[in-house]
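Residue numbers (the working numbering), protein chains in the order written: chain A, 1 to 259; chain B, 1 to 259; chain C, 1 to 348; chain D, 1 to 317; chain E, 1 to 359.
Hints in this document: simulated from the structure, not taken from any laboratory. Only a predicted model underlies this, so the values are computations on that prediction, with no experimental measurement involved. Watch out, some of these pointers could steer you wrong.
Taking lysine to aspartate or glutamate and the EDC-like style, the derived pairs with C-alpha atoms no more than 16 Å apart in a straight line are [as the list claims (entries may be wrong)]:
no.	chain 1	residue 1	chain 2	residue 2
1	B	LYS65	B	GLU21
2	A	LYS248	A	GLU234
3	E	LYS256	A	ASP104
4	E	LYS256	D	ASP22
5	B	LYS140	B	GLU127
6	D	LYS138	C	ASP217
7	A	LYS3	A	ASP69
8	B	LYS240	B	GLU216
9	A	LYS65	A	ASP9
The calculated label-pair distances, taken between Cβ atoms and stated as ranges, are [said to hold, decoys possible]:
no.	chain 1	residue 1	chain 2	residue 2	range
10	A	GLY70	E	ASN237	27 to 35 Å
11	C	GLU271	D	GLY69	32 to 40 Å
12	E	PRO26	C	GLY229	54 to 62 Å
13	E	ASN204	C	ASP152	57 to 65 Å
The beta-carbon is built from N, C-alpha and C at its ideal position, and this holds for glycine as well.
Each chain is listed here by its residues.
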Amino acid sequence: MAKRIEVSDLNIYYGNFLAVEGVNVSIEPRSITALIGPSGCGKSTFLRSINRMHEVLPGARVEGKVVMDGQDLYGSDVDPVDVRRQIGMVFQRPNPFPTMSIYDNVIAGNRLNNKRMKRAETDELVERSLRGANLWNEVKDRLDRPGSGLSGGQQQRLCIARAIAVEPDVLLMDEPCSALDPISTLAIEDLMTELKERFTIVIVTHNMQQAARVSEQTGFFNLNGVGQPGRLIEFNPTEKIFSNPDEKATEDYISGRFG
Amino acid sequence: MAKRIEVSDLNIYYGNFLAVEGVNVSIEPRSITALIGPSGCGKSTFLRSINRMHEVLPGARVEGKVVMDGQDLYGSDVDPVDVRRQIGMVFQRPNPFPTMSIYDNVIAGNRLNNKRMKRAETDELVERSLRGANLWNEVKDRLDRPGSGLSGGQQQRLCIARAIAVEPDVLLMDEPCSALDPISTLAIEDLMTELKERFTIVIVTHNMQQAARVSEQTGFFNLNGVGQPGRLIEFNPTEKIFSNPDEKATEDYISGRFG
Amino acid sequence: ACGASNESDDSNSGSDGGGDTQELSGELVGAGASSQQAAMEAWQAGFEGEYPGVRFSYDPAGSGAGREQFIAGSTAFAGSDAALDDEELAQAQERCAGGEVFELPNYISPIAVIFNLEGVDELDLSPATIAGIFTGAITSWDDPAIAADNPDATLPGTAITPVHRADDSGTTDNFTDYLFQAAGDVWTSEPDGEWPLPGGEAANQTSGMVEVVGSVDGAIGYADASRAGDLGVANVAVGESFAAPTPEAAAAVVENSPAVEGRGEYDFAIELNRLTESADEYPIVLVSYHLGCITYDDQETADNVAAFMGYVISEDGQAAAAENAGNAEISDALREQAQTAVDAITAG
Amino acid sequence: MTVTKAPTEPPAQQRTIRRPGDRIFAGAARGSGIFILLVLAGVAAFLISEAIPAFTASSEEIPGGEGLGDYVWPLIAGTLLGAVIALLVATPLAVGIALYVTYYAPRRIATALGYVIDLLAAIPSVVYGFWGLAVLAKQLVPFHEWLDDTLGFIPFFAGPASTTGRTMLTVGLVLAVMILPIISAIAREVFGQAPALHREAALALGATRWEMIRMAVLPYGKSGVIAGAMLGLGRALGETMAVAIILSGGAGATLNVISNSSPSTIASNIALRFPEATGLGVNTLIASGLVLFVITLAVNMLARWVVNRRADFSGAN
Amino acid sequence: MSTDTQAAPPAATPQEGPVRVQRKLPRYAPFGLFAGGVAVGAALSALTGFSVISTVVYGVVLGTVAVYAASRAVEGRRKATDRLVTSLVTTAFGIAMVPLVSLVWTVLDNGLARFDGQFFSNSMYRVVGEGGGAYHAVLGTLIITALATAISVPIGLMAAIYLVEYGTGRLKKAITFFVDVMTGIPSIVAGLFAFALFTLLFGNDFRAGVMGAVALSVLMIPVVVRSCEEVLKLVPNELREASYALGVPKWRTVMKVVLPTAVAGLGTGITLAVARVVGETAPLLITVGLITGTNLNPFDGRMATLPVFAYYQLTQPGVNEQAFLDRAWTAALLLIILVMALNVVARLISRFFAPTTGR
Ligand SMILES: Nc1ncnc2c1ncn2[C@@H]1O[C@H](COP(=O)(O)OP(=O)(O)OP(=O)(O)O)[C@@H](O)[C@H]1O
Ligand SMILES: Nc1ncnc2c1ncn2[C@@H]1O[C@H](COP(=O)(O)OP(=O)(O)OP(=O)(O)O)[C@@H](O)[C@H]1O
Ligand SMILES: [Mg+2]
Ligand SMILES: [Mg+2]
Ligand SMILES: O=P([O-])([O-])[O-]
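Could you build all of it, start to finish, from the sequences and the hints given here?
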């Protein structure tokens with residue numbers, strides 16, 4: 001059920017501030033696409049515009065098209081809720097629901113949408129998702145404890161488990177491993193590699209080795225100066241980006257220092 | 001004014017849960033000490049106990065000694081406020097004060113001790129600190145805007161600027177670069193190297209290359225199993241840790257995967 | 001199932017001696033003067049004993065509100081500390097199917113001049129002295145005017161704190177009416193339910209008045225005599241002597257007061273004789289009326305009103321009220337007079 | 001969620017289609033808001049229509065015989081005086097209480113202490129009235145005398161001191177006690193919610209407890225405190241029974257808060273006069289209610305103006 | 001002021017320790033100083049004519065000043081300010097306890113006399129003088145308050161949700177503003193309004209408990225809106241975003257994420273609103289009046305309520321005054337207990353949902 005996403009001439013605004021300008025890109029299904037670039041260049045902003053999370057901020061809006069398998073996600077007949085159901089997201093800062101137990105956090109996507117599931121089914125789903133996020137062993141004995149009592153990395157993995165539990169077609173991850181130790185990072189990377197068989201994955205990362213390791217395609221964002229909009233400078237197969245990029249800026253950035 | 005910190009037999013509790021057990025370590029002045037280990041093993045907990053930030057959580061307490069240049073920081077005549085004034089901290093999640101402007105955020109700590117600084121002095125201090133945190137260029141035109149309108153990485157750098165603005169003797173950093181791009185990371189690392197001439201720095205990181213790059217000493221935390229307390233498994237010069245560690249566990253962890 | 005344990009139909013009805021409970025039903029709603037609230041409780045209880053089928057309620061919302069609601073037709077009768085004025089009378093007649101209105105002086109209560117003065121239990125006061133105290137002309141208890149009224153008493157030099165009612169009340173209306181008529185030049189303000197002079201200590205309701213007078217040495221006020229409690233009660237000059245506010249003296253002055261001229265056959269509003277010189281009469285009296293129609297639209301209401309008023313003026317009714325409220329019972333003459341009105345009530 | 005920067009161009013949400021559930025829910029929420037406006041409009045319409053006869057009547061017909069302005073003016077003075085005393089006393093106290101409960105009291109009993117203060121909200125206003133009359137007023141008589149003796153040169157304490165203590169000052173203090181739980185409960189909620197992240201940031205900079213509160217808690221809770229104060233002010237302005245029972249009112253406008261001749265307040269005056277009022281008397285009382293309505297309006301506009309000046313830095317989110 | 005407070009003077013550094021431990025007041029010094037201040041205050045008030053209030057006032061002021069001055073001299077400005085605030089904040093709490101204790105004592109002292117079985121099982125039907133009870137008034141208050149709550153909470157909560165989650169532009173501004181204005185409606189005016197409204201709709205002689213409930217709702221709604229709004233604003237946006245990103249529609253997000261997260265605060269707010277109106281006398285006096293018997297139908301006929309019951313018992317007693325006063329105070333006591341019980345229920349509910357906070 002992986003989906004191809006085509007973005008054309010996308011401008012993204014916060015109120016009157018143009019944060020990201022003129023993005024044109026085609027994201028392949030069943031692949032991992034990495035987005036890299038300096039801080040503040042609009043990676044998160046672009047990522048959030050793909051599943052229409054951008055527009056929940058007051059005054060935030062976009063111009064242009066994001067087409068998923070032929071359908072414009074910003075079309076007037078498209079419900080953003082449906083978009084988000086198919087395009088899941090993991091945020092930069094872990095945000096488990098404080099009112100819910102670890103168990104309920106994992107199945108929040110189903111519960112909140114009032115899906116009825118048998119107890120055995122949900123048990124199975126919770127275990128599968130937590131294992132997928134490499135958290136099962138640490139929390140299996142305290143599934144009924146609040147999710148907010150976990151360490152930062154545990155919380156992040158809980159959020160990943162929550163996102164994959166709804167089995168979206170596309171998974172957007174905003175620096176999902178920035179709070180994780182290498183072992184968990186490895187587990188998440190393995191998970192991504194596994195998931196891409198079925199899903200389309202877009203990941204923002206500052207860790208260029210990670211980008212090099214897991215992704216097929218890499219996009220490099222940059223901005224010319226403060227107050228200027230961010231732009232997608234280069235989008236190419238990861239191998240090419242890291243060995244022989246088209247753009248001077250990309251090369252500078254990558255060779256500047258590795259992760 | 002760097003300080004030597006000696007920790008002996010430190011047990012750290014959350015209520016009745018023993019999170020970290022029996023830490024004995026001596027942290028050298030004018031050096032960078034890195035703490036590594038899997039998620040949830042108690043690195044953050046240990047770090048927070050050094051400047052008595054741990055005890056602000058309800059039910060949290062410690063047993064044992066943390067001695068700084070001969071003085072027990074947990075002595076009955078020691079005011080935690082004074083401890084924290086000299087041992088600064090940067091948190092895992094950026095936390096600028098949302099009600100203050102960027103400018104005021106930077107000098108928030110200084111304002112406490114010194115109500116009336118000359119405008120020129122503070123201007124100078126703000127610029128120096130922001131430059132130190134590699135944020136000056138991005139925000140110099142909007143110093144009077146709220147700090148919460150920045151990107152994640154920008155916010156983290158703002159917090160670093162705020163912490164170094166008070167010129168503490170010791171600086172504790174909990175994964176300060178996990179939200180930063182390589183360029184900012186590099187800048188922060190350079191800054192640390194510069195600061196260690198005068199200060200003692202302790203940093204928690206998941207990025208082992210970073211630990212290898214910047215630190216003189218490295219401590220490896222681990223835990224035997226879920227619900228078990230975390231322990232300091234090995235503490236040695238960084239070079240030794242990464243080339244020829246004493247402990248099998250350390251070697252496993254490090255060789256498992258790099259950054 | 002959900003009733004209070006004292007309300008169950010079989011346990012209580014007719015238990016207190018009435019024997020033959022009567023077959024009336026429906027509702028009887030009244031509203032008005034709060035002054036008669038305590039008496040009304042007794043009347044209601046007695047009436048409900050005799051007529052358990054009637055749902056009775058009396059809303060002590062105030063005389064003005066009572067008259068308005070009666071005129072508007074939302075109640076069957078009203079309680080009022082004052083008789084209807086001409087304009088209201090016309091409106092009331094319209095409300096009563098164009099017919100006659102009854103006004104029965106059913107609640108009579110002496111208003112006592114109460115005081116709190118250490119070492120003084122007995123006090124005689126002439127109208128002019130009372131007025132002087134309340135206008136602020138007399139400020140100390142050893143004032144010659146007070147001494148002149150009480151030649152035998154030893155009066156302290158305590159400052160006087162006169163207290164008046166803060167709310168608009170029938171008590172104030174009657175008290176100022178008395179001062180206006182009896183105190184001569186010393187009191188010039190027109191009688192009014194609202195205290196007519198600016199400033200001074202003001203208290204809400206009779207209970208507030210009693211509380212404040214009771215708490216300040218040297219305070220003086222006016223209140224329903226039954227509520228005076230431990231406070232000193234002044235005797236008021238009547239002619240050459242001084243009268244105490246007893247129920248009997250109050251009933252006597254009402255009986256001997258002339259009727260208001262030019263009213264209907266069943267309108268027994270009276271013009272209180274404040275200037276009485278009879279030593280058996282006490283001139284500061286509050287009369288609270290019951291107002292209703294001689295002709296009601298429906299039979300049920302007419303029957304209920306007639307039954308209620310009949311009970312109120314009955315000896316039982318008056319005695320029950322006097323026991324609970326401490327008011328004066330109406331005289332036989334007044335009762336006979338009222339009975340004519342009760343008998344006349346019909347539907348049409 | 002702040003309304004600081006209204007987008008100048010049409011927001012993207014315009015194109016957004018909404019699911020039925022969302023439409024219904026949003027409609028219900030919006031409808032509730034509009035309904036409240038309608039209720040208020042209803043109250044205003046009621047007040048205006050009933051007040052018109054009093055505005056058009058000649059001045060002799062108004063109770064007091066001096067016209068509506070002269071009738072209402074002392075009441076306005078009394079209302080504002082009592083409410084201002086209450087607010088000045090209660091707000092700092094309530095903030096103190098809320099801070100005590102959230103950050104100073106021993107943790108184990110802190111919540112319980114919070115409920116204890118809430119008990120003040122449970123006490124009916126009639127009881128406040130009788131307590132004020134029978135207990136507090138008497139206790140405050142010496143205080144009144146002291147104010148008269150030492151601060152008599154200030155117009156507020158010009159005296160002569162009341163011998164019963166049933167003054168505007170006492171009323172203000174009782175009102176302060178009545179609104180205390182309202183302000184402190186809301187302040188407590190918002191102070192307690194100040195993010196740990198920011199509190200820890202302050203502590204880590206070497207802030208003392210108070211400095212932490214000043215940096216991370218008060219700015220965050222400011223809007224809540226103001227909301228609580230406005231609720232409290234509303235209650236103080238509109239309190240009826242307690243004031244009617246305690247205050248020795250009915251005099252002309254004065255700043256003097258310690259004498260026994262105080263102006264009444266609008267709400268208590270209505271309660272005192274309404275049962276016996278007829279005809280134009282009723283209209284006059286309702287006109288005074290309308291005036292109170294307008295006062296509340298004005299006070300709120302003022303408060304809003306003050307608050308909105310630094311809305312950009314609101315702590316929420 | 002500015003020069004001598006510059007940083008911590010190094011002169012104040014005692015022993016060897018690296019943490020510039022300024023000299024510290026001994027642990028119990030603040031308490032001792034405070035007590036000393038109180039003692040001096042007592043002496044002072046004894047000089048000027050002893051009274052409890054002046055002793056307390058002088059004592060607290062002097063005690064606070066003593067602590068501040070000592071701390072200022074020994075520990076420096078910042079620490080002294082901290083201690084000063086601690087004193088002030090504790091004093092604030094202490095001050096609030098004074099009227100509370102006095103009030104509760106007054107009510108208990110007077111109200112326990114009739115706190116008996118008869119009071120709870122009997123109405124005032126055909127009761128003259130002694131005896132009787134408030135059964136009818138308790139039920140009346142419960143019914144009318146429940147009705148008012150049923151009207152106000154959904155409307156108020158939804159309006160708060162509108163303001164926090166949906167509101168934009170003028171309508172939001174208007175609602176926020178006018179809700180504040182609404183808090184200033186005097187209770188008696190609310191009663192008059194409800195009276196006029198129902199008279200208009202159902203004619204002159206219509207009286208019912210629902211009139212009172214509507215009057216109380218006018219008073220209650222703004223309290224619900226305002227307190228709920230404040231609490232909802234505190235729910236972090238992160239959580240909303242987390243929910244949206246799971247493909248949860250906004251309304252479900254509000255219902256299942258925002259409201260549960262805020263439930264403790266909502267409970268406090270609603271309890272506050274109920275407490276605000278449950279003791280109201282004036283509007284009920286005008287709308288539902290008073291009867292002596294029990295009426296359980298809020299849509300027909302007058303009803304008895306505890307505040308009105310207490311008010312008339314207090315203000316219009318009969319000859320046997322004590323019996324009336326006892327009933328009045330017991331009714332007041334009952335009202336307080338009622339609100340307390342409500343408080344406990346609200347706490348239990350919120351305890352059930354409330355987030356267990358961690359880092
Ligand atoms: N809520 C917001 N309101 C206004 N401007 C914003 C907001 N969030 C981000 N921005 C601005 O938009 C630009 C892009 O921010 P964004 O968060 O997308 O950067 P990023 O590439 O994700 O950076 P990082 O790597 O630090 O997370 C920045 O200039 C930032 O200041
Ligand atoms: N507030 C808290 N209350 C109770 N337990 C806690 C709390 N914070 C952390 N813990 C527990 O203490 C242990 C150590 O947590 P800590 O945050 O120190 O881990 P960490 O090494 O910093 O992990 P990470 O690399 O993911 O940040 C974990 O088991 C965690 O669940
Ligand atoms: Mg980002
Ligand atoms: Mg950590
Ligand atoms: O009976 P009153 O009208 O004076 O209260």
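Tested hints:
1. Our distance criterion of 16 Å between C-alpha atoms is met by LYS65(B) and GLU21(B), whose separation comes to about 12 Å.
2. For a cut-off of 16 Å, the pair hint linking LYS248(A) to GLU234(A) stands: about 10 Å separates their Cα positions.
3. The straight-line distance between the Cα atoms of LYS256(E) and ASP104(A) is roughly 12 Å, inside the 16 Å bound, and the hint therefore holds.
4. For the given pair, LYS256(E) sits about 14 Å from ASP22(D) by alpha-carbon distance, which is consistent with the 16 Å threshold.
5. Proximity of LYS140(B) to GLU127(B) is assessed by CA-CA distance (about 8 Å); at most 16 Å being required, the pair is judged to hold.
6. Distance restraint check for LYS138(D) and ASP217(C): the Cα-Cα separation of roughly 12 Å lies within the 16 Å cut-off, and the hinted pair is therefore satisfied.
7. Note on LYS3(A) and ASP69(A): the hinted pairing holds, with a Cα-Cα distance of about 6 Å set against a maximum of 16 Å.
8. Taking the CA atoms of LYS240(B) and GLU216(B), the gap is near 10 Å; set against the 16 Å cutoff, the hint holds.
9. A threshold of 16 Å between alpha carbons decides the hint, and for LYS65(A) with ASP9(A) the separation of about 7 Å falls inside it, so the pair holds.
10. For the pair GLY70(A) and ASN237(E), the supplied restraint of 27 to 35 Å holds, since their beta-carbon distance comes to about 33 Å.
11. Taken as a hint, the range 32 to 40 Å holds for the pair GLU271(C) and GLY69(D), whose Cβ atoms sit roughly 37 Å apart.
12. Our hint of 54 to 62 Å for PRO26(E) and GLY229(C) holds, since their Cβ atoms are close to 58 Å apart.
13. Restraint check, ASN204(E) to ASP152(C): a C-beta distance of roughly 59 Å satisfies the suggested window 57 to 65 Å.
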